[in-house]
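Dock the two chains into a complex; use the hints.
In case you want the letters, here they are:
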Amino acid sequence: MRSKVSKRKHYFSPLVRGKETDLRARISEALMSVQTDVSSIESKVSAFEKRLEEILNRLDDLESRLKKLEDLLD
Amino acid sequence: MVISFSIHSYRGGTGKSTTTANLAVMLALYSKSVATIDLDLTSPGLHVIYQVSQSQMNATLNDYIFGKAALEDTVVDLTNQLGLPRGKLYFLGASMKPEEIAKLMKEGYSESFFKEVTKQLSEAYGVDYVIFDTHPGLIEDTLLAVLSSDISLMLMRMDKQDITGTYVTAQVLSRFGKTSYVILNMVPPEMADRPELITEVSKLLGASVIGVIPFYPEILQHRSRGVFVLRHPRHPYSRRIKEIADFIIKNLRG
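Read top to bottom, the protein sequences are chains A and B.
The first sequence begins at 0 in numbering that gives the first Met the number 0 and counts up by one.
The second sequence begins at 0 in numbering that gives the first Met the number 0 and counts up by one.
Chain B with its partners taken away, still in its complex shape (with noise of 0.2 Å):
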């Protein structure tokens, strides 16, 4: 059965598209069937971190999103392109034009595109488990897909103007009995492997938290050229990225 994640961050910045590409290949690493979804629609970034260019892209997700283009012309099969010796890489990535993201943003799309995207990625190519790399912030286009997925996974940065907004972003999901996971992202290292911090923030945030990843320069210094964890499969932000998929691959259902 397929399962469908929204990325969710208060402020941008936080590492959301990273964590989202990093995590889907890793998915995929354990011969996992995953498809990848750049709903930051104003200012869609996953494709770079993918190496795709829009010219790859036979349609866009704002084509489908408006019933003007098949699923099929809108994903791009990034498994032989990635190189990954097994499981699948899907990625519906969004248009870049200004015109496109204005009529998207003024007409919005219905909250059923969540439900049909996942059941015909389903249907069409078989996959495990869909992911929404959503915009950040509290605004209702990105709470819908939040709501909208099965599983909500909040990224967060330990600074004060993170850690309120999650906080609020929290106390809002709850009101729709909402369950949500936590990724601590960029987490001073001296902090990192405090058993407290988690118990401390799942506290907090009344959810539990699955990941914490610490800051490595070595990601700044990386700047979305490529696939981090294909990259460099020992570094220990690539073991922090494996953590995090093997509790999703054991603990989350949909």
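Excised from the complex, chain A in its bound form (with noise of 0.2 Å):
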């Protein structure tokens, strides 16, 4: 069973800035302090890609496998 809902209207008070957390400022703080080693994640991104495309190759290698198995059987 749902609980009533509320028959007033919602309004959004946009000018509370005082009672916030900060969070804005803390994640503007964490992206200008962001130490982007491009390198360490372009290296794990193509060690991750290459993962999958031997993945890909084995599935290619199993299919092919099977198809000669097929056709011997025929």
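Bear in mind the hints are in silico, worked out from the structure with no lab data behind them.
Yeah, the Cβ is synthetic: ideal placement off N, Cα and C, and Gly gets one too.
A few of these clues could be false.
Computed from the model, here is a short list of chain B residues facing chain A with C-beta under 8 Å [to be verified]:
1) Leu70
2) Ser147
3) Val171
Listed below are several chain A residues computed to face chain B (Cβ distance under 7 Å; list not exhaustive) [what the hints assert, rightly or not]:
4) Arg23
5) Val44
6) Arg57
7) Leu61
Lysine-lysine pairs mimicking BS3-like chemistry, simulated, CA-CA at most 30 Å apart [to be verified]:
8) B:Lys87 - B:Lys67
9) A:Lys43 - B:Lys202
10) B:Lys105 - A:Lys8
11) B:Lys96 - B:Lys114
12) A:Lys6 - B:Lys31
13) B:Lys31 - B:Lys114
14) B:Lys177 - A:Lys49
15) A:Lys6 - B:Lys114
16) A:Lys6 - B:Lys118
17) B:Lys249 - B:Lys118
18) B:Lys114 - B:Lys87
19) B:Lys114 - A:Lys8
20) A:Lys8 - B:Lys102
21) B:Lys105 - B:Lys177
22) B:Lys31 - B:Lys102
23) A:Lys6 - B:Lys67
24) B:Lys177 - A:Lys43
25) B:Lys114 - B:Lys177
26) A:Lys49 - B:Lys31
27) A:Lys8 - B:Lys202
28) A:Lys49 - B:Lys202
29) B:Lys249 - B:Lys31
30) B:Lys87 - B:Lys118
31) A:Lys66 - A:Lys43
32) A:Lys8 - B:Lys96
33) A:Lys8 - B:Lys87
34) A:Lys49 - B:Lys159
35) B:Lys105 - B:Lys87
36) A:Lys6 - B:Lys87
37) B:Lys159 - A:Lys8
38) A:Lys43 - B:Lys159
39) B:Lys118 - B:Lys102
Have a look at this one:
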């Protein structure tokens, strides 16, 4: 059973920034202070892509073996 | 208890709005009450998928954010319009007017917006889920949406640029201790059902993969003309979206 919903109109008050936890400032600070090691990121992503390619190659190999087996059985 | 989600991607064109609209409808079909908020404020597009005209909106999200309009005047109830047999679906659309977009970009909005709009939607409409469709990229407003919502869903395509950007985003979010979940979209079909894919992506990003959606040309052909899962409920895409909705309902709590 859903609880009763309120009938009064709801407004957002945009001027309560004093009460905020200043998440926006922390995000800004985090973005500015990130020490991005581009080469490390690139090598991680490349290694990831290589692993995926290997998986696909294994799949292709498996499929071609299966096809050969089917041909032999035929 | 209401749960808020942000749906985010590093790049544009990853299918964020399409996923948001279809996932929201699927959750509604589970008899849930769902509100979707178009927070892609510089290029709103969710209304196109829902086929909501700007004239249908008494007020826009921009008006609500600036305190000029009540939530009740901003919300569009799509339940009947979309012919949903059960559940409820609400939509809060952003303004398409350049002057209003520019004002919001210039003045920004309070970080309390996310908690407040979620709370008010729960009070006024009894919603179970609030989904924020965010602007792509690693920008302050978007990260604010991601960090302010209960659950972060990152959408990623399997191309190098998106993988790299999503990895960097995950690194930034980890500095805030934010738990994110990943949905892989437009995945090459030969790769989509490989269990190793989920393992490798989870390992790279340090986040659980909760959905893998292969590339279906039918989604492109559909081109935002309505909500795909409603028009093609038996299509494999709809099945994938259903699996994600199942996971959310069973496993994710605020």
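Hints versus structure:
1. Leu70: Holds. Min distance 4 Å.
2. Ser147: Cβ of Ser147 (chain B) sits 7 Å from chain A, so the hint holds.
3. Val171: With Cβ-Cβ at 6 Å, under 8 Å, it holds.
4. Arg23: OK, holds: Arg23 (chain A) within 7 Å of chain B, min 5 Å.
5. Val44: holds, 5 Å
6. Arg57: violated, 9 Å
7. Leu61: This interface hint is violated because 11 Å lies over the 7 Å limit.
8. B:Lys87 - B:Lys67: holds, 26 Å
9. A:Lys43 - B:Lys202: holds, 11 Å
10. B:Lys105 - A:Lys8: Given that 30 Å is the threshold and the Cα spacing comes to 28 Å, the pair holds.
11. B:Lys96 - B:Lys114: holds, 26 Å
12. A:Lys6 - B:Lys31: Satisfied, since the Cα-Cα distance of roughly 21 Å is no more than 30 Å.
13. B:Lys31 - B:Lys114: Since the Cα atoms of Lys31 (chain B) and Lys114 (chain B) sit roughly 20 Å apart, the hinted pair holds (cutoff 30 Å).
14. B:Lys177 - A:Lys49: Between Lys177 (chain B) and Lys49 (chain A) the Cα gap is close to 28 Å, so the pair holds against 30 Å.
15. A:Lys6 - B:Lys114: holds, 20 Å
16. A:Lys6 - B:Lys118: With Cα atoms ~14 Å apart, Lys6 (chain A) and Lys118 (chain B) stay inside 30 Å; holds.
17. B:Lys249 - B:Lys118: Measuring from Cα to Cα gives roughly 22 Å; hence the hint holds.
18. B:Lys114 - B:Lys87: Holds: Lys114 (chain B) and Lys87 (chain B) sit about 21 Å apart, inside 30 Å.
19. B:Lys114 - A:Lys8: Holds, at about 17 Å.
20. A:Lys8 - B:Lys102: holds, 25 Å
21. B:Lys105 - B:Lys177: holds, 27 Å
22. B:Lys31 - B:Lys102: Roughly 35 Å separates the two Cα atoms, so the pair is violated.
23. A:Lys6 - B:Lys67: With Cα atoms ~19 Å apart, Lys6 (chain A) and Lys67 (chain B) stay inside 30 Å; holds.
24. B:Lys177 - A:Lys43: holds, 21 Å
25. B:Lys114 - B:Lys177: Answer holds: Lys114 (chain B) to Lys177 (chain B) is near 16 Å, not above 30 Å.
26. A:Lys49 - B:Lys31: With a Cα-Cα distance of about 42 Å, the restraint between Lys49 (chain A) and Lys31 (chain B) is violated, given a limit of 30 Å.
27. A:Lys8 - B:Lys202: Violated. Lys8 (chain A) to Lys202 (chain B) sits at ~46 Å, over the 30 Å cutoff.
28. A:Lys49 - B:Lys202: OK: Lys49 (chain A) and Lys202 (chain B) at ~14 Å, within 30 Å.
29. B:Lys249 - B:Lys31: holds, 13 Å
30. B:Lys87 - B:Lys118: holds, 17 Å
31. A:Lys66 - A:Lys43: violated, 35 Å
32. A:Lys8 - B:Lys96: Roughly 25 Å separates the two Cα atoms, so the pair holds.
33. A:Lys8 - B:Lys87: holds, 20 Å
34. A:Lys49 - B:Lys159: holds, 11 Å
35. B:Lys105 - B:Lys87: violated, 34 Å
36. A:Lys6 - B:Lys87: holds, 18 Å
37. B:Lys159 - A:Lys8: Roughly 47 Å separates the two Cα atoms, so the pair is violated.
38. A:Lys43 - B:Lys159: The hint holds at about 11 Å.
39. B:Lys118 - B:Lys102: holds, 25 Å
Hints 6, 7, 22, 26, 27, 31, 35 and 37 from the earlier list are contradicted by this structure; the remaining hints agree with it.
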